[in-house]
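Q: Residue-level listing of the chains:
There are 4 protein chains.
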Amino acid sequence: MSKVQVAVLGATGMIGQRFVQLLEGHPWFEMEGLYASERSEGKRLGEVNKVKDHAFMQETLSRRIEQIDIAKISKGCRVAFSGLPSDIAKDYEAKLSEAGVAVFSNAASHRMREDVPIIIPEVNSEHLEIVRTQPTYAKGGFIVTNANCSTTGLAAPLKAIQGAFGLEQVVVSTYQAVSGAGYPGVPSLDILGNVVPHIKGEEEKMEAEAVKILGTYRDGRIIDAGFQILASCARVPVHDGHLEALVVRTAKDATAEEYAKAMREFRGEPQHLELPTAPKVPIIVREEADRPQPLWDVNAGEPARAKGMAVTVGRVRKKDKYLKFFLLSHNTIRGGAGGSVINAELAYAKRMLR
Amino acid sequence: MSKVQVAVLGATGMIGQRFVQLLEGHPWFEMEGLYASERSEGKRLGEVNKVKDHAFMQETLSRRIEQIDIAKISKGCRVAFSGLPSDIAKDYEAKLSEAGVAVFSNAASHRMREDVPIIIPEVNSEHLEIVRTQPTYAKGGFIVTNANCSTTGLAAPLKAIQGAFGLEQVVVSTYQAVSGAGYPGVPSLDILGNVVPHIKGEEEKMEAEAVKILGTYRDGRIIDAGFQILASCARVPVHDGHLEALVVRTAKDATAEEYAKAMREFRGEPQHLELPTAPKVPIIVREEADRPQPLWDVNAGEPARAKGMAVTVGRVRKKDKYLKFFLLSHNTIRGGAGGSVINAELAYAKRMLR
Amino acid sequence: MSKVQVAVLGATGMIGQRFVQLLEGHPWFEMEGLYASERSEGKRLGEVNKVKDHAFMQETLSRRIEQIDIAKISKGCRVAFSGLPSDIAKDYEAKLSEAGVAVFSNAASHRMREDVPIIIPEVNSEHLEIVRTQPTYAKGGFIVTNANCSTTGLAAPLKAIQGAFGLEQVVVSTYQAVSGAGYPGVPSLDILGNVVPHIKGEEEKMEAEAVKILGTYRDGRIIDAGFQILASCARVPVHDGHLEALVVRTAKDATAEEYAKAMREFRGEPQHLELPTAPKVPIIVREEADRPQPLWDVNAGEPARAKGMAVTVGRVRKKDKYLKFFLLSHNTIRGGAGGSVINAELAYAKRMLR
Amino acid sequence: MSKVQVAVLGATGMIGQRFVQLLEGHPWFEMEGLYASERSEGKRLGEVNKVKDHAFMQETLSRRIEQIDIAKISKGCRVAFSGLPSDIAKDYEAKLSEAGVAVFSNAASHRMREDVPIIIPEVNSEHLEIVRTQPTYAKGGFIVTNANCSTTGLAAPLKAIQGAFGLEQVVVSTYQAVSGAGYPGVPSLDILGNVVPHIKGEEEKMEAEAVKILGTYRDGRIIDAGFQILASCARVPVHDGHLEALVVRTAKDATAEEYAKAMREFRGEPQHLELPTAPKVPIIVREEADRPQPLWDVNAGEPARAKGMAVTVGRVRKKDKYLKFFLLSHNTIRGGAGGSVINAELAYAKRMLR
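Protein sequence lines correspond, in order, to chains A, B, C and D. If you're matching positions, the first sequence starts at 1 in our numbering and goes up one per residue. If you're matching positions, the second sequence starts at 1001 in our numbering and goes up one per residue. If you're matching positions, the third sequence starts at 2001 in our numbering and goes up one per residue. If you're matching positions, the fourth sequence starts at 3001 in our numbering and goes up one per residue.
Hint data in this document are derived by calculation from the structure and do not stem from the laboratory. It is possible that some hints are incorrect.
Said to hold, decoys possible - One-sided excerpt, in silico: chain C residues whose CB lies under 10 Å from chain D:
hint	residue
1	Val2172
2	Ala2181
3	Tyr2183
4	Pro2184
5	Leu2192
6	Val2195
7	His2198
8	Gln2228
Ideal Cβ positions, reconstructed from N, Cα and C, are used throughout, including at glycine.
Let's have the full structure, built from the sequences with the hints guiding it.
A: Shown next, in the form of structure tokens:
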């Protein structure tokens, strides 16, 4: 069976380069072309490479980058992965879906549209149905988004807890890596030996996206989940991996061990469908006193293709009636390109890529 | 009027060195001697100096360090400032108070004793009365502690809010500097480009100390404040300055601006008494989108003697019925040596140093 | 006597902001205006401030920035301090000198012109004479440059050694701070936990400038010094302060102590003239095994106005017939704005500002 | 053919853990046991693990650590790999060789003994012959050392140049990673945002070892090479990878391209013998303007087993008659455990392990 031809948009950015890394040797998808703005046209990926997983990228360093051309892409590809910046993503992604291309986007532009789902397939694979209500769906074109990098880490652990105990309140503080701001992104003068307690729009995104992702799909609509969420976001001098401190109140009280067990044993649709990029264990619960840590746990996930796709949870503990824990996920893999790739795998498995 | 002779215990540590810095040229106190463990005896302070505020320390670098000798200290000093590690602090501090010395301690050893107050004079100067119930008080000896470095930053902002609106729930996540662990402290291999979501005993200390400090002094006892507090503590690669993300629910709802105003206009006993180390404005509320930051705000506080004694608050905002803000305070000045010094100033002003 | 009115060009950059810091309360100069590109016009300095020496800057944060206007500047100021980027410095500085303004520039644009001196007044104050050969000098306008930030640190120690023992060969490797690249400058993704062994054009500048600065002024010309210099430049994750490792062969052999003594006792014209920004001791030689270090020594220099103006030297040692040592200097003060300010003070003291 | 049983000494340290990583699945060697000081006895490797290459180490995390027992080791093992600290290495390694064990040591203790070679097999595999002069050789016991981590990077590039053009002078400055100091090693307070221009004994080791390694083996003795070497060593806030800036004068002058070619095409005995841990290309010469960098190049080396075993060279350029370049090598793999492993492979291939 021949592979699905796919395009990578924004191939010169942090997320775009992760797309190339994750699609290299993919069993279902084949990169037809790498696309970016006029500025990068004609360059080789190697010239603009900013992802340090050297060995992984070696083979693909010589791929050439083309200017984004809707007609050409829609002719050659059924799928486009978008790592475009939000300001230009909106227009390009809309045009591609009109041209019959299934767009899996990492940009925020269309996330809050009523007919566009934010998919994290472990959590809300049934939301994918809503793309059938998009006007372009008949032509084979539609838009699926993945969540913001800081929301992504939350989703599976909260789903596991929601399923077992019901969710009432979530307070989350983030320790976010600099790669989340892209390249060049955060100036070193701002972050060396410092913490910046502000990431523009991030708290609002987390709060809005979390209740949508964990919401209920019914009668062609997504109804936001009913829990309260309060987010505080800060940038720390770390390369990759968003750490988050969680305080959660559930409807039904439980012990720390019961909460940990619910997360440890949680499995979702990607695990049942054995999607190629799905980690066997989506939530890894560590017992050590001082984990998860970005340096140690950012690439968690097995098998090899799922490296960086698992969420690591640690320090699961109780205070009064509240559950406290820390979680870590890879912001440009699970919370970026990998999130879009696994969404496309879900759509493929559900035969929605025509 | 002659100055009060004081001893510095643990003079070779991070806190001890800050004591020396803050007592240099003090209008009321004069360093009689610097004391530390046998290991450091005979060394000069300059040989062990690890505080980088070079200009400040220059004059005192040649002071010699002696071994701790209770008899000698109690003969020459009415006051001892203790930067001793907790394990040895317990014994030494008890012996000194028995020998008639007023001990102002930065160690945790005696903090939870019923007759020992944890004083942050802006917040609970009236708790100082409780030292009169200590068995050694008749001889002039007693123990006063200051709070853990991460609790200290919280205290004044929470007091301001408590006073104006009543406190129901506090959720706090910390971004703590490496100097909080002393020297050598945190190995660079653990923290370079990393965050460690665990500091032994820290969350428990914050949770227990905060309700004691903000509690009520009545009939010779301190009654813990009634609000709930949930803390998550993490270490970040920053030299000095503990940043904290706060989510607070008050008894009486208010707007973000009302909360900010209550903190901005807050003044305490040290401001009324014009204590030498008291900052004129104890809580500095910043309007910028991205403050406070350790690099910029750690030394906040005026006049010069109060550098590092003010707490900086920023991003005061509302979500649902919750107040959210960030705060920053200097962990080895306000949350360390400076905390003890201002406590001694309070006791001096109240004529309790006999 | 009224002060000399001065303009600061490029006031929104790293160097421009240091100019403001250093000129605040200057005994001879008074800031008439702050100028920058159109983009910053109308902003206040506080809005663009990126220098963390908060206390110092407080008073000046409200100064307004104007667009660069040659006619207006030349009407109101006899002196302009330029922190402009090299590409636009060339033209603006030339026009200002034509308009009769004495320009003290931190940009590289005019440094290698035959009639423009690179002045480090401790080293080559006599080179200032060459400005009399500039065509605009009759009108009172001329251009004086200071050296590249990495060359500056070298100059005084090499001069001290050259004077006492003669210089034959200098091999220098640098460990340069990120502030040397301005703001936003070095992306954090490139330098966190990393070293970048390349700074565009830096090695060439060091090699060309060092022999010019240490050259001989004779008959209206500067003749390059005859020693060989070989530079390797790298960027390290440090905020401020360029550290350099030196290996030097002198004409006359000496002991490590003799070399150290020559540097320690070295004094130059600024010390004799007691220029306001001159450090009393221009080269501070440390005896400790592990100094100089950026964190500890970057602000060396006394009195207060000379903070960051001294060079710190350490680990003076011999191997075979070679002298080895490390040096550190503040790259945006001594190697930036402070270098221009002390040059203007020299010109003022020599009555060349008419 | 059964594998050679080997012991790992000092298994809880940085180097010891790298030994375990590199010996996992080795085609010729099998770990019989992990040994360390009394303090670690009975612990599992996972409890003390400080090497972040998580995936690699997973399988071995449950291995138990035993106390060092010469009799037990010599009974079960023909080979011991030593990652012991220098102070205790001297005695243990001597005893093991007396007990008939071939010791491949990373410690400095025996390096300068006349009958102990410092082997970097690409450079001086013939020096291995000298172990035949060790008094214990008849019993099968001997000691082979690898070089200090900062010397190791130098060796192959200098050998390539020495062979083609002759070496006269080498000036080297280092930018060394914190893992070189072991764990806990460098305190974060000393190195965050800082550079420390001193590593005890390091410059002396580099200077003494380099001329021994590149020396000539003749008549049972090693005669030091005749070139001059001048080293300056500094620690930078980098996890792994020592970067070095080189300035070299050769006997025969050549162009930058000729120097680069000599290094690029250099192959040594490990490449000819196809030793398991040998990189196919021992010196990787990069053409980019800004390489090598620790973050990008530290793990250079192919195939998978040789990851971190190649030296990366970049910025090969000329100034006057001097060659300048930067090099990078992994300090705990190539410059640590990997260096000992490849030495043991060489001895195995030469049938010296009896």
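Q: Which numbered hints turn out to be false for this structure?
A: 2, 3, 4
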